[in-house]
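**Q** Chains as they are written, first to last, in the numbering used here: chain A, 1 to 461; chain B, 1001 to 1436.
It should be emphasised that the hints constitute simulated quantities derived from the structure, not laboratory data.
As the structure is a prediction and not an experimental result, all values here were calculated from the model.
Incorrect hints may appear among the rest.
To be verified - Pulled a few chain B residues facing chain A out of the computed Cβ check, cut under 8 Å:
no., residue
1, Leu1026
2, Lys1036
3, Thr1336
Claimed, not checked - Lysine to aspartate or glutamate pairs mimicking EDC-like chemistry, simulated, CA-CA at most 20 Å apart:
no., chain 1, residue 1, chain 2, residue 2
4, A, Lys24, B, Asp1257
5, B, Lys1009, A, Glu263
6, B, Lys1334, A, Asp121
7, A, Lys217, A, Asp121
8, A, Lys24, B, Glu1245
The beta carbon of each residue, even a glycine, is placed where N, CA and C say it ideally should be.
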Amino acid sequence: MSLPQQTLSELRRLLGAANVLTEKEDLIPYSFDGTAALQQMPGCVVFARTREEVVGVLQLANRTRAAVVTRGSGTGLSGGSLPSPDCIVLCLAKMDRIVELDRANLTLLAEAGATTQAIADATSAAGLFYPPDPGSMKISTIGGNVAENSGGLRGLKYGVTRNYVMGLEVVLPDGEVLWTGNKCVKDVAGYSLRDLFIGSEGTLGVITRVLLKLIPKPAAKKTLVATFARMDQAAQTVSDIIAAQIIPCTLEFLDRTTIHCVEDFAKVGLPLDCEALLLMETDGHPGPVNEEAARMEEIARKNAAVDVRVARDDAEATRLATARRSAFSALARVSPTTILEDATVPRSELAGMIRFVAAVAAKYKLRVGTFGHMGDGNLHPTFLTDERNHDEMHRVEEAFKEIFDEAIRLGGTITGEHGIGVSKKSFLPKFAGDAQMRVMRELRRALDPNGILNPGKMFDP
Amino acid sequence: MSSAVSHLKGLDYSVVQQCMHCGLCLPTCPTYDATKMERHSPRGRISLMRAIADGRLEVTHAFADEMYFCLGCLACMSACPAGVNYAELFEHARAEAECSGVLKSPRRNLIRAVAIRWLFMDLSHLRLAGRVIRLYQQLGLQTLLRRSGVLKLLPKRLQELESITPDIQPRFSAQLIAPVTPASGRKKYRVAMLTGCAQDLIFSDVNRDTVEVLARNGCEVVTPPRQLCCGSLHAHNGEWGMAQELARQQIEQFPPDQFDAIISNAGGCGSHLKHYHKLLADDPAYRERAVLWDKKVKDIHEWLMEIGIQPPAGPAPAQVVTYHESCHLAHGQKITAQPRQLLSLIPNLKLVELPESTWCCGSAGIYNIVQPDMANQLLDRKLKHIQSTGASIVANGNSGCLLQLINGAKQKGLNLRVAHPVTLLAEAYRNARGRR
């Protein structure tokens, strides 16, 4: 059941022929996102450049009951922008203007297709700071970040995308345009619909503009790298830092496998003879920054750190953070398929969870590289496998089931920052429970009665 | 259906599978940046290659076109954390496109026969063509024809080509460089000098400067007068067999065990020259020598910084230079620091960083000839950045880029000198000796 010719000609009339792709060679490159081992051919790919065009596409789709999957740069890690069969992929990558940077109110208004990097750069040029920094920030779009409520390396101190969204322009499935939020720091008028759309994974509406909160750029920062002979020493260091009431902006860890892959790519001089590496960054005013850095170094040494190194300058600090951001992709060096998840547990349970992941990997005879945001309990266990090896892929699935169960048991979540999409769809009911599932279904039905937006994602009607 | 061996299916599948489509290549790809279309991105192209390897897609005209829309700049390889060997994939994909014959047309076949087979398989033909063009330029014919407006009668593409035809040097490398140039002072190394193909006609002076600088720093330089093309043109244009043949001949002409280094001063050639072991992996007679060859091939900047050179003595006129990186030097060979180090050794020369220094200028081998629109967009972008630095000289280590920039500066009427870093270094040495 492919898209009817009439729908395609209508789309061409709406958007211009150059913005409607239907050839096989054009569609194959849109048949996946950043998620491993998932592929599905769309019916067409269309580019909208204005809100009015998005309205037109949704009205048409709603009238003809065509499925619409919204896409930014396609870097998601849960299959959120994976096409549904023969759908219209609505790509917003060409709607990428930064509309306004308001220095008086410390806000930035951007179109959905603006990249996170472009926003970070524009903000930084004005002496301000937009903290969320997902691993794919160089190309990920702000619309996608909001739809997935993306996290990043600075979540521990600064929070995630949700904490910086002040307003949204959303096109509803029937084409009506909705604005939610404004430049006021305080606003309690009605339900916070804004919060409903954040993290809605393209199931409730199409986000076309985002109003972001900015904060002053920290005057100083200090980056440290500590290495350990055992993973639990690193975990203990993190627990001790939090217990000492220090909230650094970044507390990232890499295990041995990940360290080797990252160093192989980034060549930033990571030590290769250790089991765990902590990347720690503190920022703020110079005085407290130096003080915190010194205390973190002391805590690491107390926990038998083999070495603690302080980045010489900003450039080295940036290189280290960039290297860490490449961890997931770099792991692909050692195996054909890399499947990563983002199970998250309360920080107090972290050391136990890391041991559990290692034990599960051993039980199912799987290679695993684990890294992640140790400071906020957000782990990225990554299985190194080969999608053509069906037996091993089955074991990967079984292993993830156990890991998710354990995360739930420990009071954690099945996804800290990647979203449900299709990857974790089957785990959501158990995690969310009946009442939440019912409310989510009813909300979705109320907003999208014809089920045209991202069908098959998150949960079924 | 062509019965030819499918080059992509023949590839080790893990090379295709290495791409985990994370998208980190997208912001570094000039064609994606310009179009925002996944098909024109590295991961998009790889997904098409994989579809062919999987049998989900035939080799179509659109596929072949796409492979030739790629600049082959390899910026994606520097960006790729997963270590995808895009260079290998891309060469195989173009070979596959050629094999399938989907692009065949009488005009294209003729151009390829003349350019790739006749001119560049035997460089005496290229030199002959060079002499003819030189005559055309020297006898005033060019000026005459350009003024007369007769050229306007030519098809637009030919007019454009005529306008970017480079100035041919009055003397080629063999007339400027002795077969053996002794080291000045104590001989520490024996090196071979590859004079290249187009380089030999258009930048024979850069070749001479390279030999001068090498000799000045303790190298005895062997420069045979009759040399070969390195074969990168062939490998990048789907002619795998010819590229292999040229690699064998190169190894015969310069047995790698007889030299401390085999020097290339063109980033694009060097990048290809360092991968003969891949080309000849299945040839037992050459396999081992190819491995040694790859180790001995050195880019001139790389070699000079490795052996440590004597800095030229001052004084010299104060000048500002910026450095545009050749894609295949930066992304293909990962040589980025050495050319800057070399420039910074020149007295009174101030190096100003070029914004987007590793972004392709659009030259990309013969890309500026076959894809003029995209090439010109990239050239404009590059020239704007160069102008923003305020430099009066732009340095670059690859003949294709040098030509592209010279043409760009000429078209825009910019007062900008385009020079190979080695030329600037050679001038500084000459200056110091007061013999300019």
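**Q** Each hint needs a verdict: does it hold in this structure or not?
**A** Now for the hints, and whether the structure bears them out:
1. Leu1026: holds, 5 Å
2. Lys1036: holds, 5 Å
3. Thr1336: violated, 12 Å
4. A:Lys24 / B:Asp1257: violated, 50 Å
5. B:Lys1009 / A:Glu263: Distance of about 31 Å is beyond 20 Å: violated.
6. B:Lys1334 / A:Asp121: Violated: lysine 1334 (chain B) and aspartate 121 (chain A) sit about 26 Å apart, past 20 Å.
7. A:Lys217 / A:Asp121: holds, 12 Å
8. A:Lys24 / B:Glu1245: With Cα atoms ~36 Å apart, lysine 24 (chain A) and glutamate 1245 (chain B) exceed 20 Å; violated.
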